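Participant: Below, each chain spelled out in residue letters.
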Amino acid sequence: MTTAEWARLSSDAFNVALFSYIAAMLVSFAYLAFRRDGLHTVATVIGVVGLVANALSIVSRGVAAGRTPWGNMYEYSSLLTFLIVLGYLWIVEARAKVRTVGGFVYAMAVLTMAMAVSFFYVGPTALLPALNSYWRQIHVTSMIVASSLLGVGCLLTIVYLLKLGSERRSIARLHSQVPPPIMGAAVDTSDPSVPHDYVAGADASVGSAATGSHRIGLPPSATLDGLAYKFIRFGFPVWTFGVICGAIWAQQTWGRYWGWDPKETWSFITWVIFAGYLHARATSGWKGTRAAIVALVGFVSLLVTYYAVNLWIAGLHSYAT
Amino acid sequence: MSAPDGPRSSLRRSVAVVWRTLRSMRTAIILLLMLAAAAVVGSLIPQIPNSPERVAAYLVDHRVVGSFFQAAGFFDVFGSWWFGLITALLFISLVACLLPRSRALWRAARARPIQARELDAFPSFVQRRVVAEPSAAAAAAVKVLQRKRYRVELDPTGTGVAAEKGFVRELGSLAFHWAFLVLLVAVIIGKGTGYVGHATIVEGQSWVDARLNYDGDLRTGRFFTGGFSGTGITLVDFEDAYRDTGIPMDFHSHLQLFNPDGSYARDVDVRINHPSVFNGVRIFQYGFGWAAMVQIHQGTRTLFDGPVVLGQDTPPGENPLAQPWVGVIKLSTLRPQQAIVLELYPDAEAYFRSLQTGVPQPMTQANAPFIRYQTWKGKLLDTSLSGLDTRFMHETTGGVVGEKWTVDLDRGCAISGPDGPTPSSVAGVACPDTGGPGTLTMTFPELRQYSRLQISHDATIPYVLGAAILIVLGLLPALYVSRRKVWVRANSEGTGAIVQVGGFALQRKDRFDEEFATLVEAIVAAAGGELVTDRAQVVTP
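Chains A and B, in that order, are what the protein sequence lines are.
Going by this note's numbering, the letters in the first sequence line up with residues 29 to 349, in that order.
Going by this note's numbering, the letters in the second sequence line up with residues 5 to 545, in that order.
It is worth saying that the hints were derived from the structure and are not from the lab.
Below, in silico cross-link-like pairs of lysine-lysine (DSS-like), each with a Cα-Cα straight-line distance of 30 Å or less:
hint: 1; chain 1: B; residue 1: K408; chain 2: B; residue 2: K381
hint: 2; chain 1: A; residue 1: K125; chain 2: A; residue 2: K258
hint: 3; chain 1: A; residue 1: K258; chain 2: B; residue 2: K489
hint: 4; chain 1: A; residue 1: K315; chain 2: B; residue 2: K489
hint: 5; chain 1: B; residue 1: K147; chain 2: B; residue 2: K513
hint: 6; chain 1: B; residue 1: K513; chain 2: B; residue 2: K489
hint: 7; chain 1: B; residue 1: K513; chain 2: B; residue 2: K152
hint: 8; chain 1: B; residue 1: K513; chain 2: A; residue 2: K315
hint: 9; chain 1: A; residue 1: K258; chain 2: B; residue 2: K513
hint: 10; chain 1: B; residue 1: K513; chain 2: A; residue 2: K125
hint: 11; chain 1: A; residue 1: K291; chain 2: A; residue 2: K258
hint: 12; chain 1: B; residue 1: K147; chain 2: B; residue 2: K489
hint: 13; chain 1: A; residue 1: K125; chain 2: A; residue 2: K315
hint: 14; chain 1: A; residue 1: K315; chain 2: A; residue 2: K258
hint: 15; chain 1: B; residue 1: K489; chain 2: B; residue 2: K152
hint: 16; chain 1: A; residue 1: K258; chain 2: B; residue 2: K152
For clarity, every value in this text was computed on a predicted model and none was experimentally measured.
Work out the full structure, taking the sequences as your base and the hints as a guide.
Facilitator: In structure tokens form, the structure reads like this:
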């Protein structure tokens with residue numbers, strides 16, 4: 029096959045992956061709404077098809093360009109999407125057996141891919157000499173892996189907050205309907221000082237019995253919180269490692285390991301915020317909602333690091349435009 | 005509150021409050037988020053160290069906001085007093101938090117595990133009847149726990165066991181935090197006592213690491229005391245390679261390095277991504293360009309003889325390699341003063357191909373190079389090497405000079421030169437005669453390349469790297485290992501014993517349940533297995 033044919037195959041596979049993820053997203057949301065097992069099977073099959081097409085697109089792109097296929101934003105986004113979906117199917121579905129959040133994850137995958145084609149598409153070309161280093165491979169790979177892990181973690185945090193809200197509402201409803209039981213009456217769940225564990229515990233006994241929570245059909249907030257934490261706890265050291273590799277690469281290429289270039293600055297900001305999140309989880313009074321909000325701020329920072337720096341802020345990393 | 009010790013105790017109390025506040029995790033989190041917020045400002049507003057020209061433009065465009073930003077230090081966030089203050093507070097908060105934690109870990113690591121009495125009070129608890137006697141069962145439990153790498157302590161009676169595991173979590177966490185501190189300090193010292201600048205060296209020429217020899221953008225750290233290394237660098241040869249598409253592939257400078265005393269040290273090749281370290285300075289390939297060797301004579305007097313370093317002023321979106329290289333020679337001793345503006349086309353063939361096709365062609369190699377020149381007369385406002393202010397000057401002549409040609413600058417015609425591939429369309433006219441004795445002439449004997457090297461000194465790089473590695477290494481156990489405690493008690497029961505096992509994990513509790521179950525099975529098996537008696541059968545249903 030010629031280079032042009034490989035490039036063509038890569039684009040086609042990319043489109044197949046994109047449309048598969050769109051379909052998987054729709055079917056997953058349908059599963060969340062109607063809870064038919066068949067829908068879940070269909071969503072998983074389509075998701076796996078998308079994943080395979082995504083992988084094919086990445087590999088053929090690499091063949092067409094004659095190098096590892098993560099050299100610009102388009103390619104990063106393709107790999108990022110692959111890792112997001114892979115991480116979801118493997119960790120959330122296969123290992124944690126949580127099946128109802130797929131729609132959100134596929135939506136994230138679709139947005140990432142759509143951004144890639146609309147803003148960042150470039151043909152498969154060789155790289156500038158400054159980008160040629162094995163530290164680049166390590167740096168970029170770990171940054172993308174970390175982005176996918178942190179991204180999914182933050183997405184699960186959003187779902188967690190949604191679920192937590194619905195649990196609190198249904199418990200409040202329950203309290204207003206049923207005469208207060210002797211023991212539960214003292215606890216006001218809308219009070220932020222009540223540990224979120226109380227609410228999480230309530231989910232199993234009280235919350236799931238309440239109509240609102242059951243209709244939403246999401247896993248209990250404690251499960252979502254635990255999963256989100258797993259992803260972020262995994263993503264944080266990888267991000268740390270990636271930033272350090274980037275510094276080593278910068279030392280080799282630009283002669284300084286750190287220069288407050290916008291991408292460097294934002295990767296530091298993101299690091300600091302997620303460090304704050306991990307500390308918040310270990311601090312009483314910050315657990316639950318407050319830590320989740322820190323994670324959301326981290327998510328915004330992650331998006332700025334990934335997109336805004338390349339699109340709007342000039343710097344050494346703005347090679348993609 | 006009695007009067008005499010009132011102020012002192014209230015002072016002590018407020019110191020204690022401040023100390024407690026600094027130690028709290030809440031303060032650390034808030035300081036971390038403030039650090040992030042400050043960095044956000046630094047990334048959104050142009051910074052003097054990164055792009056001084058954008059700061060200057062900003063000050064012109066936004067007078068009021070700009071002067072406020074300037075006063076607040078927003079144009080140099082990472083060097084501002086308030087960024088330093090946040091860093092310092094975070095630093096103190098970290099130390100205040102880490103010192104007691106380190107002391108506690110030290111004590112806990114030296115103390116033996118403490119026995120517990122009521123094991124059934126622990127979150128995980130199981131009791132089993134086993135074949136072995138109490139002391140044998142406890143000894144078996146010790147073995148099992150040691151094999152699982154618990155720190156184990158057998159009580160004096162020989163029937164109670166206390167065990168714990170997972171100190172490496174706290175160790176990793178402390179290593180991470182201390183390493184972060186070391187990293188901060190090392191960065192501040194390294195950047196503060198170091199310097200970074202650029203050196204332009206033409207092929208065949210030498211350069212010495214001293215303040216005056218830098219290109220003008222030398223940046224020294226806040227605590228730099230002026231000790232440049234004195235290293236000598238000679239550029240033997242510069243090579244650049246391109247793909248067919250004109251995309252750069254490789255640049256490298258072949259250098260000879262000299263010790264500060266002038267003695268030869270060694271030859272090195274410096275290329276992109278492959279810097280060289282010598283005598284405390286790091287030498288990086290930074291840029292390159294063309295330098296025209298030019299001689300200017302007035303009669304027999306030599307006014308100028310040397311390389312003219314040529315630069316580029318590429319309009320955005322254009323391929324710089326397809327653009328000419330420009331420079332200026334200023335003859336300030338002449339009356340009236342003169343300046344010669346040079347515009348080099350390194351590859352005549354590529355240049356004419358772009359004229360024919362209308363598509364700019366990259367000129368990547370020297371191939372019949374020629375220079376367009378203009379001479380200006382009048383008053384030089386600035387005698388530095390760069391730029392030409394023509395407000396008090398007027399253009400007199402112009403023409404073309406090819407390699408190994410000599411031209412008459414007064415009349416703008418060519419005196420001598422080999423017949424070369426430079427087409428007559430640009431070659432200009434030959435001078436009708438040799439001109440008077442005071443004729444100003446310019447010769448262009450050869451074209452060389454120059455290499456722009458970045459020279460930097462940063463003494464703490466190894467420490468920064470070491471701290472960074474420790475950060476990652478500490479982070480893994482800090483996030484993934486959990487502290488676990490297990491107790492075993494064996495009480496005599498008939499011929500065998502009843503073994504009680506209790507324990508808990510401080511983190512990752514879900515995993516501990518599994519681990520605890522396998523631990524219990526292993527202990528029971530090592531203690532001779534489960535004892536099945538008639539009485540047990542009576543009790544069990």
